[in-house]
Structure formats: structure tokens, C-alpha cells
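2 protein chains.
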Amino acid sequence: MSRQLRLGAFMRPTTIHTGAWRYPGAYPDANFNFAHLKRFAQTLERGRFDAFFMADHLAVLNMPLDALKHSHTVTSFEPLTLLPALAAVTERLGLIATASTTFDAPYHVARRFASLDHISGGRAGWNLVTTSNPDAALNFGLDEHVEHDERYRRAREFFDVVTGLWDSWADDAFIRDTETGTFFDPEKLHVLNYKSENFSVRGPLNIARPVQGWPVIVQAGSSEAGRQIAAETAEVVFTAQTLLADGKRFYADVKGRMEKLGRARDHMKILPAAFVVVGDTLEEALETRARLDTFVHYESGIASLSIALGHDVSGFDPDGPLPEIPETNASRTARQRVVEWAQRDGLTIRQLAQRIGGYSGLEMVGTAKMIADQMEQWLVEDGSDGFNVMFPYLPGGLDDFVEKVIPELQKRGLFRREYEGATLRENLGLPRPENRFFARVN
Amino acid sequence: MSRQLRLGAFMRPTTIHTGAWRYPGAYPDANFNFAHLKRFAQTLERGRFDAFFMADHLAVLNMPLDALKHSHTVTSFEPLTLLPALAAVTERLGLIATASTTFDAPYHVARRFASLDHISGGRAGWNLVTTSNPDAALNFGLDEHVEHDERYRRAREFFDVVTGLWDSWADDAFIRDTETGTFFDPEKLHVLNYKSENFSVRGPLNIARPVQGWPVIVQAGSSEAGRQIAAETAEVVFTAQTLLADGKRFYADVKGRMEKLGRARDHMKILPAAFVVVGDTLEEALETRARLDTFVHYESGIASLSIALGHDVSGFDPDGPLPEIPETNASRTARQRVVEWAQRDGLTIRQLAQRIGGYSGLEMVGTAKMIADQMEQWLVEDGSDGFNVMFPYLPGGLDDFVEKVIPELQKRGLFRREYEGATLRENLGLPRPENRFFARVN
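These protein sequence lines are chains R and B, in that order. Quick note: the first sequence uses full-length UniProt numbering, first residue 1, plus one each step. Quick note: the second sequence uses full-length UniProt numbering, first residue 1, plus one each step.
Just so you know, these hints were derived from the structure itself, not from any lab. From a predicted model like this one, the values you see are computed outputs, not experimental measurements. Careful: at least some of the hints might be erroneous.
[Unchecked claim] Computed list of lysine-lysine pairs in DSS-like fashion (alpha-carbon distance at most 30 Å, straight line):
(1) B:K248 <-> B:K369
(2) B:K38 <-> B:K260
(3) B:K369 <-> B:K404
(4) R:K369 <-> R:K248
(5) B:K404 <-> R:K188
(6) R:K248 <-> R:K38
(7) B:K188 <-> R:K38
(8) R:K38 <-> B:K38
(9) B:K38 <-> B:K369
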């Protein structure tokens with residue numbers, strides 16, 4: 001069998017495109033309606049997706065109200081309360097929740113993911129993030145946000161504490177012998193006693209070892225510190241490379257770091273975000289894509305465009321072309337990409353603003369065959385191990401993907417027809433971690 | 001219609017009796033098996049229970065390992081991950097989760113309960129507790145536990161911050177006008193900006209106002225500070241009075257405090273814990289009760305008995321009667337109750353240890369008619385507004401209650417045949433809180 005694509009669905013909890021809720025046939029309240037989310041999760045499972053991946057924010061997005069008021073992602077469910085509910089209405093779909101190491105306690109985080117893993121029969125994943133948003137800090141009693149390196153040091157330790165707590169009990173600690181009345185074997189209980197400058201956590205965890213040993217560890221950092229912590233600890237990496245060449249560089253770098261640390265390359269799946277718009281013809285797909293952007297409010301779009309260019313462009317003629325913009329200290333790559341788009345597709349400032357304001361990362365727009373070609377190329381050329389797919393609008397964009405792209409990938413032998421296993425780990429082909437305190441039982 | 005009983009099911013997440021898991025026909029792993037819990041919740045809903053009530057601990061129970069190893073409650077699900085999963089498989093049952101104000105952040109707690117309330121369509125309740133367990137403190141970086149009054153001051157403020165965050169958005173803030181692209185009305189968003197010695201929380205919450213306005217506020221404190229905070233804020237009070245006379249005193253005291261604060265007596269339901277063993281005859285019920293105690297391990301029982309008496313009784317003959325015990329500084333009420341039980345029922349030390357080690361609060365043992373009589377008496381004499389029922393073992397004890405006691409209560413007009421409303425508040429007959437920052441929309 002050829003190498004297999006891994007597909008996560010990046011739901012936040014619905015789609016990332018800021019105009020999606022206005023698209024004809026979309027559910028404007030999808031972001032906050034459990035019945036809809038249940039339907040989406042069940043569709044993903046029918047499509048044999050590896051996982052439902054949920055982002056998180058610990059504050060209302062930091063944006064002027066006049067731009068923010070157009071956003072459907074301003075409020076949404078909390079991931080660790082939504083995913084258990086989705087666990088109860090699905091059977092095989094993985095459930096990856098984002099939880100921050102910056103403003104929470106390791107004991108709480110360890111418990112919640114262990115609990116989700118038991119409830120779902122081994123389908124939990126933890127997207128371990130640090131929180132840089134200064135507005136989030138203000139919701140947790142801090143006037144200043146925590147500095148980058150300090151956040152990463154804390155995150156690395158947080159990981160050690162959480163995984164140590166997950167290992168509190170041997171896998172076979174619970175005997176439940178009704179005859180003798182012995183519920184567990186005290187020899188198979190470990191007290192962590194972790195102490196450092198950042199954390200003092202005694203343990204043990206009051207939850208049995210997770211079904212998967214540990215829930216799958218997911219990360220998204222792309223900085224030097226982020227790549228290193230991923231190489232040390234991550235099993236799935238969510239990335240944002242827009243070009244295959246960049247993807248290949250990132251892939252080689254992080255997998256290389258893993259090997260240096262003695263980890264097998266296969267034990268991490270690198271999954272870039274991909275915004276996928278499928279049509280029966282290329283023209284239909286391009287039309288959907290363009291139409292979607294018309295639903296991005298100009299005020300939101302122009303703010304995003306100004307940020308991307310590092311230059312206030314709100315004074316220019318919305319229906320004219322993008323003039324020469326002086327060099328600024330904005331990211332050159334981002335700036336260059338915007339300028340290239342404007343030239344290639346002959347976009348007006350309004351169209352450019354709406355595109356940037358809607359979504360501006362890697363996108364695949366075309367027929368199922370074209371999309372499968374593109375995905376296959378990334379896989380074959382070691383640009384990624386699969387993708388975190390984002391849908392243009394719900395439910396239509398998701399239904400189209402499952403009905404059109406998935407069968408094409410299956411036909412090529414690139415994607416499963418049935419789930420391989422019962423747990424997220426088994427489906428992703430990841431090993432079950434040994435308990436560091438207790439040898440495996442044979 | 002006569003005054004109605006309110007019935008919660010006190011699940012932790014199963015039963016409190018420490019011998020329950022060994023009872024013939026019981027599920028030894030019920031405490032940690034989602035399929036079982038789903039069945040229990042659906043049975044409770046069929047019985048028209050008001051709510052599934054889930055306790056919580058932030059540490060492995062503080063008990064010597066030799067006693068602890070017999071306990072089925074040593075590990076269990078985390079409430080705020082279990083209850084969303086149960087929400088997805090039930091339609092009307094209330095879902096009350098315990099969450100501590102001592103070791104968590106108000107922003108997290110506000111989000112999770114708001115999220116549960118949306119997921120469940122308005123069925124969430126928050127059992128607001130303070131955590132005194134010193135072992136819990138050690139899991140959250142504190143070497144000493146937080147002192148009682150300080151815990152209550154923090155809890156009171158925690159409540160203000162959480163409810164303030166729930167009121168971040170007016171009920172009609174989300175317009176979702178696809179035509180104009182306005183998702184919400186910025187005039188209907190309130191930034192809390194709470195600042196005190198204990199908390200600094202900016203807000204707004206990134207979740208829409210809960211379906212119920214606020215999830216139902218539940219409390220269990222019985223100290224002076226606990227009663228006062230309950231009178232100020234609680235809508236359901238979980239109590240542990242064993243005798244009707246004590247129940248009546250507590251009821252009069254707390255409802256009196258409410259009235260002094262200008263709150264209507266009806267806006268709080270006082271529900272003592274009641275351990276209910278039902279049989280087709282009294283003899284059968286008594287036999288079940290006695291048999292259940294035989295499954296309590298002697299080592300656990302004798303430790304609990306020694307604590308209740310304030311005297312180490314582990315050296316006495318297990319099969320002899322309880323000798324005279326010198327006065328100690330243990331609680332006199334608890335001590336006296338134990339001595340009375342021993343005399344009344346002619347119990348040996350072993351039997352007494354197993355009873356105390358199994359469960360030692362208010363119990364109702366008998367036929368459905370006898371149990372209904374007892375419940376009715378508490379209700380009519382203002383000893384309570386109903387009960388938090390605890391089942392002797394699962395699933396049998398729960399099935400018996402729903403099949404035998406519920407119909408008897410319904411026949412007397414004391415308990416609903418159908419749910420009155422869609423939300424927990426509606427079913428409990430509690431008013432929906434006004435948003436303190438936005439006038440109600442008419």
C-alpha cells in the first residue's frame with residue numbers, strides 16, 4: 001500500500017473563512033449550534049477523517065468592534081466541553097482540542113484530556129499551545145503578556161507534568177476483584193512529586209491511565225522554540241506553509257530534528273492547513289471561491305490587508321489596482337505574496353482586501369481530481385503527511401469534500417476506506433507511549 | 001396541584017456506597033465506563049429526574065492506601081467533560097457539575113458552564129464549591145491549604161466575576177444579518193473590567209449568554225459562611241441533614257436568610273442527600289441494605305468508624321459489641337448517632353464499621369410506599385423541597401427507584417409525569433436571571 005494521507009478537519013469549530021456564514025445555504029449560526037456540529041462531525045466520520053481539530057482563543061479576538069462585528073467566530077464553544085459531546089455521537093473520529101499551557105494548571109489539563117480519552121474510547125488529542133494574545137492575559141489577572149521564551153519553557157515543563165500525571169497508574173492497576181474487594185493494586189500507583197520554579201504538582205492523577213496511554217500530542221509552533229518542542233514532543237504538527245517549497249523545508253527541518261533526538265520520522269504527522277474549494281469544473285470552483293470573498297465585509301478586509309502590507313491602504317480607491325507600496329518592516333514574505341496575488345489575478349484593492357480578510361493561506365481550488373493531484377504531490381514530495389482541511393462554508397463545502405474528494409483519494413489508494421483501528425493513535429499509525437513508571441505488561 | 005418534589009440524582013459519577021461495586025449484578029467498572037453512565041442518565045430521564053448531579057475531587061482521596069485500594073471512587077471522569085457527553089444522549093435531564101472556586105480561574109469556569117449550557121440547550125447547573133482538601137492544594141502548587149474564611153471570600157467574588165462574564169452579551173446581541181453582514185450588535189457587548197485583590201478579569205466572555213441566562217447555581221456549604229453565601233446566591237442547596245428535625249432547622253434558617261435579603265423563598269430548592277433502598281417488602285429492602293454493607297472491606301470500615309468515634313477501635317473484637325468509648329473531641333452528634341445505631345440494631349463492631357464505611361447519612365429503606373411516605377413528610381413539614389437521591393448500587397438500585405418509587409410519587413401528585421419545560425430552570429421552577437448590564441427585551 002502506498003503511503004497514506006492523514007486528514008484532519010480544522011474546525012474552529014466551523015470554518016475559518018470570515019464570509020462563510022453569509023454564503024447562500026450556509027448555517028449562519030453553525031458556530032454555536034450543537035445540532036449542526038453533530039451533523040458536521042458525523043459527516044467527517046462518514047468521510048473517514050482522522051480527526052475533528054478545534055482551535056481556541058481565551059479572549060474575544062483583538063480587533064476594532066467595527067471590524068469584529070462582522071465575524072462569526074467571535075464566540076464559540078469551549079473545546080473541552082464541545083468534544084466530549086461530539087464523542088458521544090461519533091465512534092471513530094479523533095477529537096483534538098486546543099488547550100493553553102499559559103493560563104491553566106497541569107492537573108486540570110491532564111484530567112480533562114484523560115477524561116475525554118476515556119469517554120471517547122481513545123480518540124483524544126491535545127493541541128498544546130502557548131497563548132501570546134495580550135487580551136487573554138487580561139482575562140487571567142495579568143497586565144502584561146508572558147514573554148515568548150518564558151512561555152515556551154513553561155510549555156515544555158507543562159508537557160512533562162501532564163504526561164507524568166497520565167502515567168500515575170499502570171495500565172493494569174485496576175483489578176476490580178469483587179471476591180477479595182481489591183479495586184486497585186497499590187503497587188501500581190505512582191506519586192509524581194514534580195517540583196520546579198514553574199510548577200509544584202504532587203499527584204497522582206485521579207483518573208486511570210488514558211486508553212491511548214497518552215492522548216495524541218499536537219502542536220503548531222513554527223518559531224525556533226516551537227519547532228524544537230515539536231521535535232521533542234509532538235506527534236501531529238499543524239503548520240501554515242503556503243508553498244510546497246516552504247512545506248518541504250519545514251518538513252525536512254522538523255523531521256531532521258526528531259531523528260537527532262532519536263525519534264522515528266514516522267512518529268510525527270505534519271499536516272499543513274489547506275483551504276479546499278471543490279467544484280465539478282475548475283470554473284465552478286473558482287466562482288465559488290470568488291463569490292465567497294464577496295461576503296467578507298470591506299471594513300474587516302481592509303484592516304487585514306493593511307496589516308499584511310504593513311501600510312494603511314484604507315485611503316486608496318477600493319475599485320482601483322494596488323499602487324506601489326513603500327518598504328516597511330512587515331513580514332516580507334506575507335507582503336510579497338499579497339503583491340503577487342494582486343498582479344497574477346488582476347485584483348482591485350477591494351477584491352484583495354476581501355481575499356486577505358477571508359482567508360489567506362494554502363488553498364486548493366478546483367475539481368476533485370485537481371485537488372487530489374495537489375495533495376498527492378505534497379505527500380510524495382515530502383511536503384507533508386496530509387492536511388488539516390478547512391471548508392469554505394458549512395455544510396455544503398464539507399459535504400462536497402466528502403462526496404467528491406475523498407472517493408478520488410480512496411481510488412488512488414491514498415486514503416483509507418475504513419478506519420484501521422479504534423483509537424486516534426491507531427488510525428494515525430502512532431505508537432502507544434510506554435508508562436515511564438511501570439514496565440509494559442506482556 | 002400540590003407542592004412538587006424535586007429530585008436530583010447524586011452520582012459521583014455512580015453511587016456513594018463503597019461496597020456497591022461488589023454487589024451481585026452491579027457493574028464493577030461503572031464509575032469509569034461511559035456506556036454505563038449513558039444508560040444511567042437515560043434511565044434518570046425516563047424517571048423524569050430533575051438532574052444528574054456530579055461531585056468532584058481535585059486529588060486522589062486522602063486515605064491510607066490499604067483502605068483506599070478497596071474504593072471504586074478513587075478515579076472517575078472529570079465532571080465538565082462527562083456532562084457534555086451525557087448532554088448529547090439526553091434531552092431534558094439537568095446536568096449539574098461541581099467546579100471549585102479555589103484552584104481555577106473564573107474565565108475558564110464561566111466559559112465551560114456557558115458552553116455546557118449551550119450544548120445542552122439550557123440544562124447546566126454549577127455546583128459552586130470551595131476546596132479544603134490539603135492534598136488538592138498540593139496538586140496546584142500550594143503547600144498549605146487555603147484558610148476557610150479566605151476560601152469563602154474568594155468564592156463569593158468568584159461568583160460575581162463568573163456571573164458578570166455570563167452577562168457579557170445581551171440575549172439579543174447576535175443578529176446574524178446575512179444581508180448587511182452584521183453578525184452582532186456592538187452596543188450589546190459589555191466589557192466587565194473586574195478588579196479586586198483576588199481577581200483582575202477584563203472580559204468580555206467569548207461565549208454568547210447562556211440559554212438559561214445563567215446556569216443554575218448550586219451550593220452545599222453548611223457552615224455559617226456557607227449558609228450565608230447560599231442565601232445570597234444559591235438556587236439549589238445540597239445538604240446532608242440526617243434527621244427531619246435538623247432538616248427543618250436548616251430549611252428555616254436558610255430560607256429565612258433569603259427573605260431578609262429580599263429573595264423569594266421559592267427561588268431556592270433545598271435537597272438533602274438521601275440513600276434509598278427499595279424492596280417489594282420491608283424485609284427485602286433491609287436484607288439488601290445489610291447485604292450491601294457486607295461488601296464494605298473491614299479495613300476501610302474500621303478506619304471510618306474510628307474517625308466517627310474519635311477513638312481507635314481497630315483493636316477491639318470485630319465480632320463483639322461496641323464497648324463504652326471515652327469522651328473525645330470528635331463531633332458529638334456523629335458519635336452519638338453511631339452509638340445509637342449500634343444499640344438500636346444490635347450491631348457488632350464489624351457490622352457497625354461496614355455500615356459507617358459504606359454510607360452514613362440520611363437513608364430511606366423500605367417499600368416504595370414507605371419511601372414515598374418519608375419523602376412526603378419531609379416536603380410537607382418543610383424539611384426540604386425534595387432530595388438528591390443516592391442509589392445503593394448500579395444499575396439495579398436506580399432501575400428499582402425509577403420503576404417503583406417514581407410511579408408511587410406520581411400517583412400522589414408529588415412528582416411530574418412529564419417535564420414542564422426544556423431547561424433545568426424551567427423544570428425546577430426558577431426564574432431566568434436578568435442581564436445586569438442590559439434590560440430585558442420585550
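Checklist entry - Of the numbered hints stated previously, which ones are contradicted by the structure, given in increasing order? => result Hints 2, 5 and 6 not satisfied by this model.
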